[in-house]
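Undergrad: Residue numbers (this note's numbering), protein chains in the order written: chain H, 257 to 569; chain D, 257 to 569.
The hints are simulated quantities; they were obtained by calculation from the structure and are not laboratory data. Glycine is no exception: its CB is placed at the ideal position from the N, C-alpha and C atoms. Among the hints, erroneous ones may be present.
Looking from chain D toward chain H, a few residues come up when the C-beta cut is under 8 Å (computed) [to be verified]:
| id | residue |
| --- | --- |
| 1 | ILE281 |
| 2 | VAL282 |
| 3 | LYS284 |
| 4 | ALA417 |
| 5 | ILE420 |
| 6 | ILE437 |
| 7 | LEU508 |
2 protein chains.
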Amino acid sequence: MRKWIGLDVGGTTIKGAAVLEDGSIVYKEERPTESEQGTPHMLDRMAQFVRDLAKSAGWSFDDVAGVGVGVPAFIDFATGFVERAVNIGWYDVALVDELKKRLGDNIPVAIENDANAAGLGETWAGGGKGFDDALFVTLGTGVGGGILVDGKIVHGSNGMAGEIGHITIDPNGRLCNCGRIGCLETISSATGIVAAAQERIAGEATTLKEEEILSTRIVFEHAERGDRVAQEVVAYAIDRLGFALANIGCTLNPQVIVVGGGVAAAGETLLNQLKDAFARYALPRVTAGTAITLAELGNDAGVIGAALLQVRN
Amino acid sequence: MRKWIGLDVGGTTIKGAAVLEDGSIVYKEERPTESEQGTPHMLDRMAQFVRDLAKSAGWSFDDVAGVGVGVPAFIDFATGFVERAVNIGWYDVALVDELKKRLGDNIPVAIENDANAAGLGETWAGGGKGFDDALFVTLGTGVGGGILVDGKIVHGSNGMAGEIGHITIDPNGRLCNCGRIGCLETISSATGIVAAAQERIAGEATTLKEEEILSTRIVFEHAERGDRVAQEVVAYAIDRLGFALANIGCTLNPQVIVVGGGVAAAGETLLNQLKDAFARYALPRVTAGTAITLAELGNDAGVIGAALLQVRN
Numbered sequence: 257m258r259k260w261i262g263l264d265v266g267g268t269t270i271k272g273a274a275v276l277e278d279g280s281i282v283y284k285e286e287r288p289t290e291s292e293q294g295t296p297h298m299l300d301r302m303a304q305f306v307r308d309l310a311k312s313a314g315w316s317f318d319d320v321a322g323v324g325v326g327v328p329a330f331i332d333f334a335t336g337f338v339e340r341a342v343n344i345g346w347y348d349v350a351l352v353d354e355l356k357k358r359l360g361d362n363i364p365v366a367i368e369n370d371a372n373a374a375g376l377g378e379t380w381a382g383g384g385k386g387f388d389d390a391l392f393v394t395l396g397t398g399v400g401g402g403i404l405v406d407g408k409i410v411h412g413s414n415g416m417a418g419e420i421g422h423i424t425i426d427p428n429g430r431l432c433n434c435g436r437i438g439c440l441e442t443i444s445s446a447t448g449i450v451a452a453a454q455e456r457i458a459g460e461a462t463t464l465k466e467e468e469i470l471s472t473r474i475v476f477e478h479a480e481r482g483d484r485v486a487q488e489v490v491a492y493a494i495d496r497l498g499f500a501l502a503n504i505g506c507t508l509n510p511q512v513i514v515v516g517g518g519v520a521a522a523g524e525t526l527l528n529q530l531k532d533a534f535a536r537y538a539l540p541r542v543t544a545g546t547a548i549t550l551a552e553l554g555n556d557a558g559v560i561g562a563a564l565l566q567v568r569n
Numbered sequence: 257m258r259k260w261i262g263l264d265v266g267g268t269t270i271k272g273a274a275v276l277e278d279g280s281i282v283y284k285e286e287r288p289t290e291s292e293q294g295t296p297h298m299l300d301r302m303a304q305f306v307r308d309l310a311k312s313a314g315w316s317f318d319d320v321a322g323v324g325v326g327v328p329a330f331i332d333f334a335t336g337f338v339e340r341a342v343n344i345g346w347y348d349v350a351l352v353d354e355l356k357k358r359l360g361d362n363i364p365v366a367i368e369n370d371a372n373a374a375g376l377g378e379t380w381a382g383g384g385k386g387f388d389d390a391l392f393v394t395l396g397t398g399v400g401g402g403i404l405v406d407g408k409i410v411h412g413s414n415g416m417a418g419e420i421g422h423i424t425i426d427p428n429g430r431l432c433n434c435g436r437i438g439c440l441e442t443i444s445s446a447t448g449i450v451a452a453a454q455e456r457i458a459g460e461a462t463t464l465k466e467e468e469i470l471s472t473r474i475v476f477e478h479a480e481r482g483d484r485v486a487q488e489v490v491a492y493a494i495d496r497l498g499f500a501l502a503n504i505g506c507t508l509n510p511q512v513i514v515v516g517g518g519v520a521a522a523g524e525t526l527l528n529q530l531k532d533a534f535a536r537y538a539l540p541r542v543t544a545g546t547a548i549t550l551a552e553l554g555n556d557a558g559v560i561g562a563a564l565l566q567v568r569n
């Protein structure tokens with residue numbers, strides 16, 4: 257099996273892994289991002305990290321088939337430029353060229369938006385394994401998405417493919433960070449669930465009042481213990497997610513929808529309600545053709561996906 | 257330029273054309289479908305039609321690079337079987353094999369759902385020319401769609417990709433043919449526009465009362481002549497279409513959305529209102545990346561798309 261190195265660059269840490277073609281991790285490590293020390297310093301450290309990962313995996317660097325990097329950024333795929341990565345202070349960085357300069361011209365280097373890389377990782381090696389047409393949904397602070405068609409990431413016209421968190425669901429709803437009203441992520445993200453719970457605590461009888469700090473986990477727990485308000489908050493967030501995914505189902509008809517991110521920690525409770533909601537709103541043939549699964553790779557999805565970026569190109 | 261033959265099979269006629277690689281038609285003709293005479297008879301006539309088209313175009317059949325057929329049907333692309341084409345009475349017809357049996361094993365034959373073929377035709381040679389990531393929308397009796405990513409038709413898990421007419425828009429709206437409530441096609445199709453006009457004629461002052469029979473064309477005409485009710489009916493149908501397309505825009509981020517079908521005959525009136533509605537609901541970066549155009553090939557889109565099916569595979 258070919259050997260790959262993946263990096264997943266975040267605001268505070270860079271995750272790195274030596275990964276085999278089947279998505280299995282041979283060795284992984286995290287290092288601080290140190291974005292405050294500037295781009296050239298970061299690029300030097302990333303190149304060194306790549307070489308160290310190969311070494312720690314017991315591989316000769318010459319045996320590495322290629323390197324992939326996930327970045328929280330808009331990317332110009334034609335040129336290999338990172339247009340804008342706000343969290344790490346990069347603007348117009350020629351990431352592919354800069355890494356090749358440090359690692360050697362012969363090593364293939366690919367870059368990708370980090371959410372898309374995670375979607376590829378989950379599709380090829382995690383909750384969507386065995387499927388080529390997939391939608392990956394992350395339910396975290398926001399709602400993110402990644403789309404694969406024929407096993408390849410869909411980028412769209414200007415890198416906005418998969419921005420399903422900004423599908424409008426409730427024109428009379430909450431203000432979204434994007435400046436618009438009622439986007440999916442104002443309802444079905446962790447933030448949206450907590451906001452809905454807080455809005456209802458004031459005027460209603462609910463055990464949620466006992467909590468000092470609310471989180472999605474806590475709201476799900478109260479729902480499972482029978483609190484009606486918590487149950488309604490959870491049910492609404494999942495119903496609207498199912499509604500949005502059913503509409504995407506009529507558009508893309510994916511073989512699998514993989515759900516990950518913090519909210520997905522609710523596991524089977526979330527999954528079963530979501531399957532019901534999807535079936536409620538999708539054409540029966542779409543429901544029949546779409547598996548809905550939980551993500552399996554956790555925090556490793558991004559680095560595995562980054563490593564595998566070049567496998568099917 | 258390579259030479260291709262395309263057939264577009266409908267319930268009453270089969271359109272045929274000899275098409276060059278750039279999508280230009282050298283010769284075209286229509287023949288009755290004669291589905292009542294059974295499948296073997298139809299297959300014989302289709303094969304003869306293909307040979308006659310080449311001849312009429314002044315081509316030797318040996319110079320034809322391949323044949324493509326659009327069928328109003330679910331298709332199993334792995335086997336080349338037409339699963340079910342209700343309009344022409346086909347069930348489990350091995351279309352690719354049957355045509356090769358009649359035309360020779362060496363000639364490449366491809367088949368496709370007719371709406372997808374039309375979408376490919378419009379994207380490669382019509383209103384979406386120059387773009388690889390496209391959404392084709394037909395506004396006719398229903399609302400149909402075809403999706404291209406990297407210049408290739410997206411089929412999805414079980415052939416339902418592009419069924420955007422069944423995106424739910426108004427949970428309190430009209431019953432759809434699919435059995436569900438408030439699908440996009442109950443609002444923005446010709447049928448939906450006429451239904452909305454009829455609902456409002458009874459109780460309101462409108463020049464639409466003067467008409468014996470309503471059609472989309474007539475509703476648009478009254479709107480342009482200043483009738484407020486007609487204007488509101490048109491505005492609502494286009495607003496909801498723009499809303500649905502904006503949500504698809506956040507998912508697929510196509511470079512171009514090409515609008516065709518009978519309703520698109522309203523031309524610039526439709527196009528300008530639709531662009532405004534899209535911009536109203538889409539993220540600004542999605543609006544910036546998405547051109548919206550009118551279809552250009554009319555009834556030829558399907559046969560041109562069928563002919564070109566194998567060009568980029």
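Undergrad: Given D:ILE437 as an interface hint, is its Cβ closer than 8 Å to any Cβ of chain H?
TA: This hint is violated: D:ILE437 lies away from chain H, its Cβ roughly 10 Å from the closest one there, beyond 8 Å.
Undergrad: Taking the closest Cβ pair, is D:LYS284 under 8 Å from chain H?
TA: violated (32 Å)
Undergrad: Given D:ILE281 as an interface hint, is the shortest Cβ-Cβ distance to chain H below 8 Å?
TA: violated (29 Å)
Undergrad: Classify the hint on D:VAL282 as holds or violated, based on whether any CB of chain H lies nearer than 8 Å to its CB.
TA: With a closest approach of 32 Å, the D:VAL282 hint is violated.
Undergrad: Answer holds if the nearest beta-carbon of chain H is closer than 8 Å to that of D:ALA417; otherwise answer violated.
TA: holds (4 Å)
Undergrad: Let me know if the C-beta of D:LEU508 comes in closer than 8 Å to any C-beta of chain H, holds or violated.
TA: Holds, about 6 Å.
Undergrad: Tell me if D:ILE420 is really an interface residue toward chain H, meaning its C-beta lies closer than 8 Å to one of theirs.
TA: holds (6 Å)
When the structure is compared with the earlier hints, violations turn up for hints 1, 2, 3, 6 and for no others.
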